[in-house]
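Peer 1: With my numbering, letter number 598 in the sequence shown gets 650, and the count goes up by one each step, no holes.
Derived by calculation from the structure, the hints in this document are not laboratory data. Where is the CB? At the ideal position from N, CA and C, for every residue including glycine. Don't take every hint at face value.
[Stated by the list, open to error] Pairwise CB distance ranges (calculated):
id, residue 1, residue 2, range
1, 800, 283, 56 to 64 Å
2, 656, 423, 42 to 50 Å
3, 683, 302, 21 to 29 Å
4, 683, 630, 42 to 50 Å
5, 521, 424, 30 to 38 Å
6, 376, 521, 38 to 46 Å
7, 67, 302, 50 to 58 Å
8, 431, 518, 15 to 23 Å
9, 84, 162, 25 to 33 Å
10, 532, 657, 16 to 24 Å
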Amino acid sequence: MSTYTEHLRALGPEGLARLLDARPDLATPPPGTVRALAARATTRASLERALADLDAATLATLEAVLALTSGDRSAEDGGPTVADLSRALGLEAGSAVAHGTRLGLLWGAGRLRAAPGLADTLGPHPAGLGPALPSEDEPDAPDLSDRAVVLGLLDEAPPGARAVLDALTWGPPVGRAPSEPGPARSAVAWLLRHHLLVRGDLSHVLMPREVALALRDGRTVRVPPEAPSPEAVPVDADAVDAGSVHQALDAVRLVAALLTSWGGNPPPVLRSGALGARELRRLALELETTPEVAALMAEVAGAAGLVVDDEDDPPSFCPTSAVEEWAALPVEERWAALGRAWLDTDRAAWLVGTRDDRGALRGALDPTTRRPWVRRMRRAVLQVLADTAPPGRLSATQIHEVLAWRAPRSAPGLHAVEATLAEAETLGVLSSGTLTGPGRALLSGEPHVAAVALAGLVPEPVDEVLLQADLTGIVPGLPSQALAEVLDLTATVESRGAGLTVRFSAESVRPALDAGWSGQDTLAALAAHTRGTVPQPLEYLILDAARRHGQVRAGAALSYLRAEPAALVGAADDPALRDLGLRQLAPGVLVAQVPAAELVSRLRSRGVPAVLEDEHGVVLREQVPPRRVRVPRARAVATPDPAVTRRHLLRVARDLLSSEPEVTRAAGSAATAGAAEHGEDPSVGTAGPLEALALLREAVADHRTVVLEIAGPNGSTTRRVRPVLVDAGRVRAVDAERESELTIAVHRIVRATFEGDA
Numbered sequence: 053m054s055t056y057t058e059h060l061r062a063l064g065p066e067g068l069a070r071l072l073d074a075r076p077d078l079a080t081p082p083p084g085t086v087r088a089l090a091a092r093a094t095t096r097a098s099l100e101r102a103l104a105d106l107d108a109a110t111l112a113t114l115e116a117v118l119a120l121t122s123g124d125r126s127a128e129d130g131g132p133t134v135a136d137l138s139r140a141l142g143l144e145a146g147s148a149v150a151h152g153t154r155l156g157l158l159w160g161a162g163r164l165r166a167a168p169g170l171a172d173t174l175g176p177h178p179a180g181l182g183p184a185l186p187s188e189d190e191p192d193a194p195d196l197s198d199r200a201v202v203l204g205l206l207d208e209a210p211p212g213a214r215a216v217l218d219a220l221t222w223g224p225p226v227g228r229a230p231s232e233p234g235p236a237r238s239a240v241a242w243l244l245r246h247h248l249l250v251r252g253d254l255s256h257v258l259m260p261r262e263v264a265l266a267l268r269d270g271r272t273v274r275v276p277p278e279a280p281s282p283e284a285v286p287v288d289a290d291a292v293d294a295g296s297v298h299q300a301l302d303a304v305r306l307v308a309a310l311l312t313s314w315g316g317n318p319p320p321v322l323r324s325g326a327l328g329a330r331e332l333r334r335l336a337l338e339l340e341t342t343p344e345v346a347a348l349m350a351e352v353a354g355a356a357g358l359v360v361d362d363e364d365d366p367p368s369f370c371p372t373s374a375v376e377e378w379a380a381l382p383v384e385e386r387w388a389a390l391g392r393a394w395l396d397t398d399r400a401a402w403l404v405g406t407r408d409d410r411g412a413l414r415g416a417l418d419p420t421t422r423r424p425w426v427r428r429m430r431r432a433v434l435q436v437l438a439d440t441a442p443p444g445r446l447s448a449t450q451i452h453e454v455l456a457w458r459a460p461r462s463a464p465g466l467h468a469v470e471a472t473l474a475e476a477e478t479l480g481v482l483s484s485g486t487l488t489g490p491g492r493a494l495l496s497g498e499p500h501v502a503a504v505a506l507a508g509l510v511p512e513p514v515d516e517v518l519l520q521a522d523l524t525g526i527v528p529g530l531p532s533q534a535l536a537e538v539l540d541l542t543a544t545v546e547s548r549g550a551g552l553t554v555r556f557s558a559e560s561v562r563p564a565l566d567a568g569w570s571g572q573d574t575l576a577a578l579a580a581h582t583r584g585t586v587p588q589p590l591e592y593l594i595l596d597a598a599r600r601h602g603q604v605r606a607g608a609a610l611s612y613l614r615a616e617p618a619a620l621v622g623a624a625d626d627p628a629l630r631d632l633g634l635r636q637l638a639p640g641v642l643v644a645q646v647p648a649a650e651l652v653s654r655l656r657s658r659g660v661p662a663v664l665e666d667e668h669g670v671v672l673r674e675q676v677p678p679r680r681v682r683v684p685r686a687r688a689v690a691t692p693d694p695a696v697t698r699r700h701l702l703r704v705a706r707d708l709l710s711s712e713p714e715v716t717r718a719a720g721s722a723a724t725a726g727a728a729e730h731g732e733d734p735s736v737g738t739a740g741p742l743e744a745l746a747l748l749r750e751a752v753a754d755h756r757t758v759v760l761e762i763a764g765p766n767g768s769t770t771r772r773v774r775p776v777l778v779d780a781g782r783v784r785a786v787d788a789e790r791e792s793e794l795t796i797a798v799h800r801i802v803r804a805t806f807e808g809d810a
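Model the full structure from these sequences, guided by the hints.
Peer 2: Written out as structure tokens, the structure is:
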């Protein structure tokens with residue numbers, strides 16, 4: 053009888069290299085022997101990784117192999133053929149079998165067998181089927197694998213017996229045995245007597261695998277596992293791309309505004325390493341958006357390396373030295389950098405605002421929002437839209453159904469799909485639920501192409517604002533960089549859309565005056581970007597604000613105020629300013645008990661346009677350089693060359709085969725016959741715990757007896773056992789001589805050998 057290890061040896065260098073390429077975790081670090089490779093390939097962790105990306109049809113095929121494999125290893129026909137699997141699944145199983153074989157999950161020539169450990173990983177009831185019937189010594193026992201025999205027995209069954217079997221036929225095969233006397237209990241008792249059910253424990257019964265398959269007419273699935281074909285809502289591709297521009301540019305604007313805000317006033321870092329809920333709400337107010345969008349922008353800025361914890365005392369979130377380089381890029385390249393960072397981050401921004409298992413609120417940039425599967429899930433969601441032909445809009449439910457088919461064991465929840473779609477829409481990767489041209493390029497790993505695609509969609513910037521007498525202005529398009537800088541200093545935004553609407557006020561022009569512009573400078577800057585002259589109401593507003601600007605001046609006494617006496621009337625008696633400790637020293641001169649900067653801020657909140665001055669009475673320009681944290685430049689990660697990777701894996705495979713004696717690479721009985729001449733031949737026994745694991749898993753899969761040499765306090769002992777389960781470094785087995793169960797730690801096993809090979 054061949055084993056899984058012998059199957060791997062028979063693959064040769066090319067076959068082993070293909071296996072290592074399909075399952076990269078097996079090659080890192082390179083195993084020492086083929087049996088060590090078999091041990092690694094059959095661990096639960098490695099099998100889980102291999103199963104995570106399998107589609108529903110391949111998983112159903114693996115379960116069908118387990119369900120249709122005979123427990124009798126005395127015959128070589130214990131496994132099903134591809135034709136058997138096709139009949140059981142109701143579809144052609146050849147491609148699924150080929151995929152499972154390529155991953156080392158199936159093996160065998162003609163008759164297929166599952167890799168050791170796969171049954172434990174997939175669960176106790178493959179395809180919803182229970183355990184096989186124990187072998188019967190009664191020659192006249194009915195063949196319960198025959199559908200006609202089972203149906204014939206049911207014709208004689210008491211009322212309720214068929215209903216019990218119908219409830220268990222398609223799984224799960226476990227039912228609770230009735231405890232109260234009645235027809236149900238009588239029906240179950242009759243089914244137990246005729247072996248149509250077997251006793252699980254005192255309160256549960258099981259449907260045997262043979263009975264269920266007979267009632268299913270040999271099928272392992274009720275419905276053939278076929279890929280869903282969601283019907284997309286048709287969309288206009290040009291309209292989709294045009295609609296994405298606004299969202300893409302708005303995302304860049306929001307991140308830039310966040311960097312400006314945090315550059316001047318970095319928010320503190322909580323003890324948990326996150327941004328506080330109060331700071332997030334304050335950021336949302338500054339950005340004029342929702343807390344959810346503000347959290348997403350913070351997460352994207354962090355993922356792009358534009359914001360970090362400065363690790364100061366106390367720590368705060370501060371923009372990095374990469375901000376200036378990012379800000380100098382064209383807008384389309386800035387967006388591509390943000391989009392690539394979002395695609396590659398493992399942070400789940402939608403978790404911000406939820407509570408963890410301890411009831412603590414999760415914040416933005418919280419380390420606990422990292423999820424290793426988010427990056428793959430995000431790409432999988434977008435890939436479903438990319439594969440839609442012709443392009444169209446799919447709902448979150450439709451996308452979730454496709455993902456549940458493509459990878460049932462790692463499919464995300466519906467809420468995660470919905471959140472990913474919402475984030476992609478906010479960033480302009482999607483528009484109206486459809487993947488945009490720039491978004492498609494991002495998904496393909498071509499950020500430069502994505503930037504070029506967006507640049508072709510961005511309208512030409514407008515360098516003109518239409519000023520109106522009601523102190524508003526309209527920019528009929530995307531403002532140019534120069535116009536945007538002027539409006540940032542002189543106006544507040546009222547609405548965004550196809551055009552930009554701004555409003556001018558005494559407060560809105562203050563940043564320009566604080567920056568050192570005079571009233572005439574401000575009017576000249578606006579006149580350079582408008583047709584004709586500045587409307588008279590706006591001119592009066594700016595000149596009046598400039599005249600009043602600096603009338604009230606603060607300095608350090610701890611601080612003081614000086615102005616025309618009329619400008620300070622009532623200031624010392626204002627209840628809202630009482631905590632400032634204002635006291636009049638002379639007409640037009642007050643002193644305060646707070647720093648000058650705080651004094652100016654409080655006066656401005658009361659509508660008094662105060663400014664700071666130095667000891668010579670010169671007005672100080674409020675141009676505080678933004679804070680930056682210097683971070684090392686990220687190194688580009690080179691994409692592995694497939695040809696180089698292939699040569700490396702082929703070398704690993706050759707080293708594996710060449711490291712074993714020639715006899716271990718022989719086939720069948722020749723290997724066994726030569727084992728005695730080589731003593732510690734790995735094909736016969738094991739020399740360490742890792743190889744013992746592989747041999748024990750093979751013994752479990754093949755229902756074979758092994759001879760174990762076990763180290764103990766009084767030396768080593770030899771035991772003949774039938775392994776039942778290998779997990780967590782322990783083996784549960786039945787002593788072949790005493791028929792008693794025992795559990796053995798694998799590290800105590802000195803040597804393991806198949807019975808008959810020793």
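Peer 1: Mind checking the hinted window 30 to 38 Å against the Cβ distance between residue 521 and residue 424?
Peer 2: violated, 59 Å
Peer 1: Range hint 21 to 29 Å: satisfied by the CB atoms of residue 683 and residue 302?
Peer 2: holds, 26 Å
Peer 1: Take a look at whether the Cβ-Cβ distance between residue 683 and residue 630 falls inside 42 to 50 Å.
Peer 2: holds, 45 Å
Peer 1: Confirm or reject the claim that residue 800 and residue 283 have a C-beta distance inside 56 to 64 Å.
Peer 2: Taking Cβ atoms as reference, residue 800 and residue 283 lie about 60 Å apart, which means the hint holds.
Peer 1: Quick one: are residue 376 and residue 521 within 38 to 46 Å, going by C-beta?
Peer 2: The hint (38 to 46 Å, Cβ to Cβ) holds, given that residue 376 and residue 521 are roughly 40 Å apart.
Peer 1: Look at the Cβ atoms of residue 431 and residue 518 and judge whether their distance stays inside 15 to 23 Å.
Peer 2: violated, 44 Å
Peer 1: Please test the hint of 50 to 58 Å on the beta carbon pair from residue 67 and residue 302.
Peer 2: holds, 53 Å
Peer 1: Cβ-Cβ distance between residue 656 and residue 423: within 42 to 50 Å?
Peer 2: holds, 44 Å
Peer 1: Is 25 to 33 Å a correct range for the gap between the Cβ atoms of residue 84 and residue 162?
Peer 2: holds, 32 Å
Peer 1: Does the Cβ pair residue 532, residue 657 satisfy 16 to 24 Å?
Peer 2: violated, 34 Å
When each numbered hint is compared with the structure, violations occur for hints 5, 8, 10.
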